[in-house]
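In the order they appear, the protein sequences are chains F and B.
The opening position of the first sequence corresponds to residue 1 in the working numbering, with each subsequent residue numbered one higher.
The opening position of the second sequence corresponds to residue 1 in the working numbering, with each subsequent residue numbered one higher.
Heads up, a few of these hints could be off.
[Said to hold, decoys possible] For lysine-lysine, the following DSBU-like pairs were computed, each having C-alpha atoms within a straight-line distance of at most 30 Å:
1) F/Lys261 to F/Lys349
2) B/Lys160 to B/Lys189
3) F/Lys205 to B/Lys235
4) B/Lys160 to F/Lys205
5) F/Lys227 to F/Lys247
6) B/Lys193 to F/Lys203
7) B/Lys219 to B/Lys187
8) F/Lys223 to B/Lys13
9) B/Lys4 to F/Lys203
10) F/Lys184 to F/Lys205
11) B/Lys190 to F/Lys197
12) B/Lys194 to B/Lys219
13) B/Lys219 to B/Lys4
14) F/Lys197 to B/Lys13
15) B/Lys194 to F/Lys197
16) B/Lys227 to F/Lys203
17) B/Lys13 to F/Lys205
18) B/Lys13 to B/Lys187
19) F/Lys203 to B/Lys219
20) B/Lys189 to F/Lys197
21) F/Lys232 to F/Lys184
22) F/Lys203 to B/Lys3
23) F/Lys232 to F/Lys247
24) B/Lys193 to B/Lys160
25) B/Lys4 to F/Lys205
26) F/Lys247 to F/Lys186
27) B/Lys187 to B/Lys3
28) F/Lys205 to B/Lys190
29) B/Lys193 to F/Lys197
30) F/Lys203 to B/Lys13
31) F/Lys205 to B/Lys189
32) F/Lys203 to B/Lys190
33) B/Lys13 to B/Lys189
[What the hints assert, rightly or not] Computed spacing ranges between beta-carbons, pair by pair:
34) F/Ile211 to B/Asp201: 37 to 43 Å
35) F/Leu5 to B/Asn59: 50 to 56 Å
36) F/Glu240 to B/His18: 37 to 43 Å
37) F/Arg188 to B/Val232: 35 to 41 Å
38) B/Asn151 to F/Glu192: 40 to 46 Å
39) F/Ser201 to B/Glu14: 25 to 31 Å
40) F/Gln53 to B/Gly240: 32 to 38 Å
What the hints contain is simulated information worked out from the structure, not anything from laboratory work.
No residue lacks a Cβ here, since even glycine has one placed at the ideal position from N, Cα and C.
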Amino acid sequence: MNKVLMSGNNIIGEAAIRSGCRFYAGYPITPQNELTEYMAEHMREAPGGVFIQSESEIAAIHMIIGASATGARVMTSSSSPGISLKQEGISSMAACELPGVIVNIMRGGPGLGNIRPAQGDYFQATRGGGHGDYRTIVFGPATCQELADLTMSAYDLADKYRTPVMILADGMMGQMMEPVIFKKPKPRHYNENFILKGAGSGKSKFIRGLILDAIDMEEHNWKLERKYQVIKARETLHEEHRTEDAKLVIVAYGTAARIAKGAIKRLRDNGMQVGLFRPITLWPFPEAELRALSARVKKFLVFEMSTGQMLDDVRLALQGYADIEFHGRPGGVVPTPSELANVIARHYKETGK
Amino acid sequence: MSKKVFSRPRSLKEAVFHYCPGCGHSIAHRLVAEVIDELDIRSRVIGIPPAGCAVLAYNYFDVDMIEAQHGRGPATATGIKRARPDSIVFSYQGDGDLAAIGIAESLHAANRGENITVIFINNACYGMTGGQMAPTTMLQQRTTTTPSGRNNILDGYPVKVSEIFSRLPGVTYLERVTVNSPAGVNKTKKAIKKAFRCQIDGLGFSLIEILSPCPTNWKLSPVDSCKWIDDVMSKEFPLGVFKDNTGAGKKTGEAAP
Ligand SMILES: Cc1ncc(C[n+]2csc(CCOP(=O)(O)OP(=O)(O)O)c2C)c(N)n1
Ligand code: SF4
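So that you can see chain F by itself, here it is in the shape it has in the complex (with noise of 0.2 Å):
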């Protein structure tokens, strides 16, 4: 198999065709444009591939919406502030157990914020995001090789659990380049009796998540909780750098774990033993295999770009059973390696090896 180099937001959309994506409707909003130029550019060169640039992203997933229902395979994508809108249709797709592919790349907020690399959409991403009781699953990926590999097995779980999956990247991912190598995709598995046609010579279909009693209601959200429970137990990811003689150990995704990679590369040269936890998938969040590791590990120190959001999961999972500090660049500052090595090695003195 051949490496390319590519860039971030074009190697997601590559991702997506080979997949077998033939449905995407975006609104351009920066810093995920080249995305949905990706696929104006090739989207139509599948056979049946549609691109619509919407209207908004509230038609965009609403689009998405319609196309998945009838059996396509489907993407969207935007930055913050479109993400927001298209929490409806995200709301939406839970609720009518509707396979699609989200990418927010993300940029500074609250508001209109700024066009810099951020990662202050974690709590949107994975507490649900839209109204109601459900969960969405959230990839964060931290290599261009991680974006194209992560999209593919977010067709296969989209299908698998007929949910939304989020890939949740932020604009440094999006716009950097790297070498890549496209697997082959899975073949897909996707139940025809989820399909509408048209009712054929029989009976009809129909999909919706306006459920007006409530025990009826209740089972609904009992039935996706359970569904919720099986992909945590089953679908959570996480990679652990050189935490094997760690005192100290950072807990970062995306971005912000490549960043506290080369710091981790500094300190080691000096003799700081330093590692890296590193969650892929951000829901299911990988509780219990940082539990595990917190049994000889009594310091973490959680990097976000943010003002602390993944903190809030990492604290739950390790239930007081380890010391927790904080390290955040919230905004669009995307901090350089050394300057987190420096408040690295200042924690690692107080843990007084």
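Model the placement of chain B with the ligands on the given structure of chain F, informed by the hints.
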């Protein structure tokens, strides 16, 4: 031997409508179902009920359906039609759904010339949520949110969907009709049939605006509601074909008197 002259359309389920007595939704449902039967397209129809009094339309129509969030029907319809071009797609929408919260999705689906059909129920109020002002509420009309009557200075003017949408080059067929009389019902059915045929023939976007009684929120009897459509509503919203690019008789512009 007796001859059957009236029966339930194949495309309606054996269910009793929950609509209020005298409501236009029931008539519109039946007409759409009859047209689907007569055009023999049930096998490939996918319909989209709105958030609104017709939210449970999938309990009545015996065709494939998927609900849309409030106002988003035309976006969902776009996704369905583009992903499965051999389907016949209709979006069923109230006036709040189409002309307020979903005006962007509706207008842009029309402007793209999506080959879909929109059944637009204009009942001059928000039925489902208890009779609040709709974009189509008449000036001076009392609703729960215009208790002393719609005031143009504070509340704006009735939105004329057919007049606005017919100006879009993407629209192929657009007619405003009403179901307040037997003649009106027949005309409405013809219009709906033409709209679906427009789609079957691949000619593009069609929209049928139906002036539709809501006796409950108008606080009128069903008979007086029908009269109110003649006396008041259809003065603001004149009936007629606003656009017909389906064949030789191409027509663009104002309603035919
Ligand atoms: C996002 C959102 N906002 C508000 C509502 C509440 N709501 C449901 S139907 C409706 C208006 C219905 O009026 P209309 O579209 O005119 O249809 P009708 O009930 O008169 O047939 C509203 C405001 C909703 N379901 N979703
Ligand atoms: S409230 Fe109005 S629109 Fe709704 S069912 Fe009753 S009469 Fe019909």
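key: Contradicted hints - numbers only   = Those not satisfied are hints 3, 4, 5, 10, 12, 13, 16, 19, 26, 36, 37, 38, 39.
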